[in-house]
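Trainee: Start from the sequences and build out the full structure, keeping to the hints where you can.
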Amino acid sequence: MMSMSFDELLPLIFIGLMGVSLLVYVVSDGYDLGVGMLMHRATPDERDTMVASIGPFWDANETWLVLGVGLLLVAFPKAHGLVLSELYLPTALMLVGLILRGAAFDFRVKAKADRKAMWDRMFIAGSMLASVCQGWMLGRYISGFGEGWNYPIFAGAIAIALPMAYALLGATWLVMKTHGELQEKAIEWSKIAFAPMVLGLILISMATPWISETVRIRWFTLPAMIAVASIPITSSVALLTVRLLLGAPAVRGALCWLPFALLVLVFLLSFLGLSYSIYPYVVIDRLTVWQAASSPESLRVILIGVCVTLPVIIAYTGFSYRVFRGKTIELDYA
Amino acid sequence: MDAVLLARIQFAANITFHILFPSISIALGWVLLFFRLKHLRATDPQQKLDWLRAYRLWTKVFALTFALGVVSGVTMSFQFGTNWPGYMERVGNIAGPLLSYEVLTAFFLEAGFLGVMLFGHRRVGEAIHLGATFLVALGTLMSAFWILALNSWMQTPAGYEIVDGQFHARNWLEIVFNPSFPYRFVHMVLASSLTCAFLLIGISAWQLLKGVATASASRVLRTGLVFAALAAPAQMVAGDFHGLNTLKYQPQKIAAVEGIWETTRGAPLLLFAIPDDATRSNHFELAVPKLASLILRHDPDGELKGLNEFPSAHPPVLPLFWSFRIMVGTGILMLLVSWVGLWRHWRDGWEFSLMPRPLLRLFAGMTFAGWVATIAGWYVTEIGRQPFIVSGLIRTSEVASRVPSASIALTLVIYVTLYVGLLVAYVGVLKYMSEKPEKRLAAVTSEDLAQDPLRYQSRGEFA
Chain S
1 MMSMSFDELL
11 PLIFIGLMGV
21 SLLVYVVSDG
31 YDLGVGMLMH
41 RATPDERDTM
51 VASIGPFWDA
61 NETWLVLGVG
71 LLLVAFPKAH
81 GLVLSELYLP
91 TALMLVGLIL
101 RGAAFDFRVK
111 AKADRKAMWD
121 RMFIAGSMLA
131 SVCQGWMLGR
141 YISGFGEGWN
151 YPIFAGAIAI
161 ALPMAYALLG
171 ATWLVMKTHG
181 ELQEKAIEWS
191 KIAFAPMVLG
201 LILISMATPW
211 ISETVRIRWF
221 TLPAMIAVAS
231 IPITSSVALL
241 TVRLLLGAPA
251 VRGALCWLPF
261 ALLVLVFLLS
271 FLGLSYSIYP
281 YVVIDRLTVW
291 QAASSPESLR
301 VILIGVCVTL
311 PVIIAYTGFS
321 YRVFRGKTIE
331 LDYA
Chain B
1001 MDAVLLARIQ
1011 FAANITFHIL
1021 FPSISIALGW
1031 VLLFFRLKHL
1041 RATDPQQKLD
1051 WLRAYRLWTK
1061 VFALTFALGV
1071 VSGVTMSFQF
1081 GTNWPGYMER
1091 VGNIAGPLLS
1101 YEVLTAFFLE
1111 AGFLGVMLFG
1121 HRRVGEAIHL
1131 GATFLVALGT
1141 LMSAFWILAL
1151 NSWMQTPAGY
1161 EIVDGQFHAR
1171 NWLEIVFNPS
1181 FPYRFVHMVL
1191 ASSLTCAFLL
1201 IGISAWQLLK
1211 GVATASASRV
1221 LRTGLVFAAL
1231 AAPAQMVAGD
1241 FHGLNTLKYQ
1251 PQKIAAVEGI
1261 WETTRGAPLL
1271 LFAIPDDATR
1281 SNHFELAVPK
1291 LASLILRHDP
1301 DGELKGLNEF
1311 PSAHPPVLPL
1321 FWSFRIMVGT
1331 GILMLLVSWV
1341 GLWRHWRDGW
1351 EFSLMPRPLL
1361 RLFAGMTFAG
1371 WVATIAGWYV
1381 TEIGRQPFIV
1391 SGLIRTSEVA
1401 SRVPSASIAL
1411 TLVIYVTLYV
1421 GLLVAYVGVL
1431 KYMSEKPEKR
1441 LAAVTSEDLA
1451 QDPLRYQSRG
1461 EFA
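Chain order of the listed sequences is S and B. So for the first sequence, this note's numbering puts the first residue at 1; every next one is plus one. So for the second sequence, this note's numbering puts the first residue at 1001; every next one is plus one.
None of these hints come from the bench; they were simulated from the model. Do not rely on the hints blindly, as some may be mistaken.
Unchecked claim - For lysine-lysine, the following BS3-like pairs were computed, each having C-alpha atoms within a straight-line distance of at most 27 Å:
(1) S/K116 / B/K1290
(2) S/K116 / B/K1210
(3) S/K112 / B/K1210
To be verified - Covered stretches of chain S (in silico footprint by chain B; criterion: 3 or more residues with CB under 8 Å from a CB of chain B, positions within the stretch not fixed):
(4) 33-39
(5) 51-59
(6) 68-75
(7) 94-100
(8) 277-291
(9) 295-306
Said to hold, decoys possible - Cβ-Cβ distance ranges computed for the label pairs, FRET-style:
(10) B/I1128 / S/L9: 35 to 41 Å
(11) S/Y279 / B/S1405: 57 to 63 Å
(12) B/E1435 / S/R325: 32 to 38 Å
(13) S/A248 / B/S1405: 54 to 60 Å
The C-beta atom is built at its ideal place from N, Cα and C for all residues, glycine as well.
Mentor: Written as structure tokens, this is what we have:
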């Protein structure tokens, strides 16, 4: 480890970049997919506000998925072929969901008024389909595409848990971005989504080591066990705080942003936990980052681009969030 | 059915659906910037309102077009891997950096500033909003740059070396600016200009025909006519250069386009024929003697290589032969229509009420002419590279997916259904948007403006 050359380090840098892109994707598209799924509980007027709250962002959010999968494709071509061949059907269905959703998002306000309800249904269905498929894909991926009766159950559980997590994230996003009656509803939605999301997280944390020997050894061996225990402990504290906040009056006012921020922290911690479980594999127990990586020279070429553009991308993403900060107002072209 | 063929059809379906939207948005981004600048510079209140109306309608068209381009583009980024896993394994060292540079420099730029451009107007100053509009247009153009660099490299590979069957980059400048890249890039940008121009012309003519047009529609129609009248001849010249470049690097593609089986001096230009791969000859030929040689060699007795020189590796002739004729035919029609339209318009003293209705109907009928030409052109390029995925080096069949053909067939049906549905909805919504007068601005009359232009500015109507 100590004497690792730069060329040996490159695949690690890229798996890190890919992981961060996917984390940013899961958090950012997570809240807007969540908002999409929650729309089935909202009135037509509330739906407009909900769409307006994600309108300026969803496009850039989805770009992180393209970057994440793009990096998998270009930096780890062997893993890409393996992963996407295994996940061919759920990937296709997820794309159908994302297509429906992205199209419906724009059609709903431009089509004839009597078609709006139909496009809303497409938007909700697309958001659900994409979320469920992503959950299934995550489940299959974590278990290394294992064969046997227990693996589909595991993937199925995550296929339910991840949409719940998205719904919670979306609901707390709305707590932050709206006020009045819709905010009250969003607080209620957050409370409803809370329990299944936490249950899902606990189940996954227990099932992953059960399903994968590699993960079990890594988490339940001393002394590392003590160090990594901070991840579930901090997550639990953050989640408890979220639940307490949802019952407190302050969440309607000054602290409206805190549940969302804490959930982002939980996502970050889950991501760190997952990375710790998987490292140094791209596909657990099958392909390490070094086995799957492209040639160092092409990784170096991409890295230059990343170093130059990523800070700029972060800067103007921050700029966009600053422009649209505060409570959501009606969206109006130009 | 054969999995490779299904994967091909699926990728072709997606790429066909996808290219419809960039072919509008690449040029439309710049047109929006133009409308915006015209609006800001106009001193006459009525003119200011006209350009604002134009900007607002076409911003909505852009938003819708862009959204469909994004979702089908995301699909494509996955299908690279799901349909052609072997492609990245072989040429990933070259294609990878090009694709990642597209995402990093173009995709994020357009997506990042689109929100500010579409919805940010009352939250940022005029300069920043103009800047955002410019960056979205630039991002869209840069996206085309990187994608065409990769596509051109697959057509005319350069700057690489092969070690143990894997491609490695030797010279990035040669890879990006490979021999066919400049021609292909210019050809695509002009194709987008024409597609966008005819959309402007067609929809404005439709508004005039339906009696829902404001003075704004006339301005858009005139913009579109001038734009098309300039882009059409430029495209002919660019196309000619592109053809000569293809003849030099991919003679088998030209042979298929021209339907030439035997190497010929003074080859005729076939206006009509049904090429037959089985008999290796054409049925029902209608030809202009020596014209193909004259066009391609700039010499009536120049020699053109025939398909029989490439017995085992030339593209399928029939689709290429006809795609090319559809592309060129549509292009010539666009040239004639834009010139006649502009001439007539000039002769009428730029007065639209004098424009004859049949001409307006012709304009409206050609709203999507650019799509026809672009897709036909894209087929010439892509089918013309077959049976190779990287010209002369890697066959498409070598890199295809190992996914069961039933899975590919199932997803193909789902995708195609979705695409057809969305396309119908897209055209329907364009029609609806063009017919529906804009609520907020419809009530504002020129008298209001003349009396108190500042009131409308302060309310953000003009800002």
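Trainee: Evaluate each hint against the coordinates.
Mentor: Verification of the hints:
1. S/K116 / B/K1290: 58 Å, violated
2. S/K116 / B/K1210: At roughly 24 Å apart (the allowed maximum being 27 Å), B/K1210 and S/K116 satisfy the hint.
3. S/K112 / B/K1210: Distance ~17 Å between S/K112 and B/K1210 Cα, so the pair holds.
4. 33-39: violated (count 0)
5. 51-59: holds (count 4)
6. 68-75: holds (count 7)
7. 94-100: Holds, because 5 residues of the stretch 94-100 of chain S bring their Cβ atoms closer than 8 Å to Cβ atoms of chain B.
8. 277-291: The restraint on the stretch 277-291 of chain S is violated, since only 0 of its residues have a Cβ under 8 Å from chain B and three are required.
9. 295-306: holds (count 7)
10. B/I1128 / S/L9: 35 to 41 Å: 40 Å, holds
11. S/Y279 / B/S1405: 57 to 63 Å: 36 Å, violated
12. B/E1435 / S/R325: 32 to 38 Å: Holds: the Cβ-Cβ distance is about 37 Å, inside 32 to 38 Å.
13. S/A248 / B/S1405: 54 to 60 Å: Since S/A248 and B/S1405 have Cβ atoms about 57 Å apart, the given range 54 to 60 Å holds.
Violation of the numbered hints given earlier is confined to hints 1, 4, 8, 11; the remaining hints are satisfied by the structure.
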